[in-house]
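Those protein sequence lines, which keep their order, are chains F and A. Here our numbering is used: the first residue of the first sequence is 312, the next is one more, and so on. Here our numbering is used: the first residue of the second sequence is 312, the next is one more, and so on.
Because identical chains share one entry, a pair is satisfied inside a single copy or across any pair of copies.
Keeping only pairs whose Cα atoms sit at most 30 Å apart, straight-line, the calculated DSSO-like set for lysine-lysine is:
(1) Lys594 with Lys646
(2) Lys648 with Lys487
(3) Lys594 with Lys648
(4) Lys653 with Lys487
If you are wondering where the hints come from, they were derived from the structure by calculation, not from laboratory data.
2 protein chains.
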Amino acid sequence: MFALILAGGAGTRLWPRSRAALPKQLLALTGGETMMQATVKRVLPLLPLEHIFVATNREYAPLIREQLPGLPAANIVEEPAAKNTAPCIGLAAAHMHRLDPGAVMASLHADHFIADEEGFRQALLAAAEVAQAGYLVTLGITPDKPETGYGYIRRGEALGCYNNHPVYQVSQFLEKPDLATAERFLASGEYYWNSGIFIWRLSTLLDSFREYMPEFYEQLGQIEQAVAAGQAIDAIWQQIQPESIDVGIMEKAAKVAVVPVSIGWNDVGSWAAIHEINTVAGKADAHGNVALGAEHLAINTHGTLVQGNGRLIATIGLEDVVIVDSGDALLVCAKDKVQDIKKVVEWLKENKRTELL
Amino acid sequence: MFALILAGGAGTRLWPRSRAALPKQLLALTGGETMMQATVKRVLPLLPLEHIFVATNREYAPLIREQLPGLPAANIVEEPAAKNTAPCIGLAAAHMHRLDPGAVMASLHADHFIADEEGFRQALLAAAEVAQAGYLVTLGITPDKPETGYGYIRRGEALGCYNNHPVYQVSQFLEKPDLATAERFLASGEYYWNSGIFIWRLSTLLDSFREYMPEFYEQLGQIEQAVAAGQAIDAIWQQIQPESIDVGIMEKAAKVAVVPVSIGWNDVGSWAAIHEINTVAGKADAHGNVALGAEHLAINTHGTLVQGNGRLIATIGLEDVVIVDSGDALLVCAKDKVQDIKKVVEWLKENKRTELL
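With the hints as extra help, turn the sequences into a complete structure.
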């Protein structure tokens, strides 16, 4: 098995801690190690470090090398430009296919949190078995609330049990629903959150590119020739149409399977998510306050997250607030308004305050 | 006229900006100059700098010299130990009396804000006229709300008009009232806030010490002899019983007068007061937010005070919050809970975190 870790995202939802030059996957937000390091560590019991590849952009590559000192240099795939997930998964798949045409690949994200790591690995092993049967496989997260911020997967016919996991054909990929729809999804028991974690045989995936993204498949061939000839791939890469693997392949393919999992998965998409992850992990005080990287003196304060920089943060009379004290910027935000952090980032862009981005 | 400025207080209510080593009177909280400097500037149109004396402790004296470079060195009266207001007012009065036995003295605080400075000076001139008639005079602040945080003065019989100010005999000094009492005081029109600003002839004051604080008056005589002989006064000072001028003299004396004033007085006793002072001065944005010393990016934020240290403070979805970003500590506090800042300071003391006090 090979693993590809996608690590090119420049998340802004965790500003001011995450910055353009230091995105969330390279930060230690959920523990002592960075999310990138935790992602690698999570799969190491299944496959050697030499089988792990990281796709990122040229800006983040040096930091990733620093954080993963044992990773072979050739295993960091630098995208010349961001083209969404399909092209970079294709690029990595072609490379892995040269190394071992019969292998299975797991495509992971560098910025996901998973509480139950062994459960995750067992699900990957189940998915790998399903993949050997020619399926494109995804892990579907069993929902525990009517979340409107994720895409959903509807299951179809049962495909049987693999590594003690019931597995289903996918009947449909669905966009982020409104609340009423999400509640209906939750009640039916037939829907899962789309984790973006995929497992496939390399040959199945490359066949799918040929069938559903033929233009890209041809460009991939040109890239292979360029690489073989020791030439730069930048010019070909520039021609590629950006596309997500979901839209480009998964929503079109016929043989798609879902392995339902309950592994404490969280995409760490907001400060509220970080508060939740730490609360579930038992790191909140008796009043639901979570303090990370700071000493928090909480007086009459409840449900509040403090992400600091070493110095004392005293709070009085606060309810459900997020405080992020980070270098040259300080954020104080109502916890139910964390989605508006993007407005701060937009304002900084409009006002050319690049030093704060 | 002489002025004595009391500058020995170590206020904790403006933590973390005010610290034990840097109290609020030595900070620029209401404008570009420190409150100490503003207090001096406010009276300079009435009397020369040589007539201004500052009473403080030995720790603050060097900073005060720095902030008031033109003040004669002998005009800074260093108390060997804090003994409340009566002893230090007596010490200064005895000294001024040697310089000019017929003079009037105004006793002021270094940490009060006064919006209408000319109105304040005209009231001082009125009070000086009343003082010449042998009264101990105080400025009474006409209340505009049922404040429970101040002591009150009840007026008695009218004494006539001085410098266009109606003046009254004081019938009673009252402790901080409960809300119902404060509302009754406000409605009656006969009560004023006790500003702690006093004006008296030096001879009247010294006579009052002899009559109402005879033990201290005798100690004052010993101090005079020690000073004349060039000896240290510390040993005598240690014997003095602490006492406030209010309790020691004003509440006991027969001839006490009040000059009612409406001069935008504020004792700057909390961060909420600083928000109010700046709002009245037109420094709030359209949503009632006040930013001091920081760039404030306010999204869906109302009635919030930001006191910063130069860096950007972004807030989202906040209502009536105080944020004080100050060196090694950060405070985020509901504006109606600023009185609990003293709990933070108590915690720091109990836990021997003197570096943060």
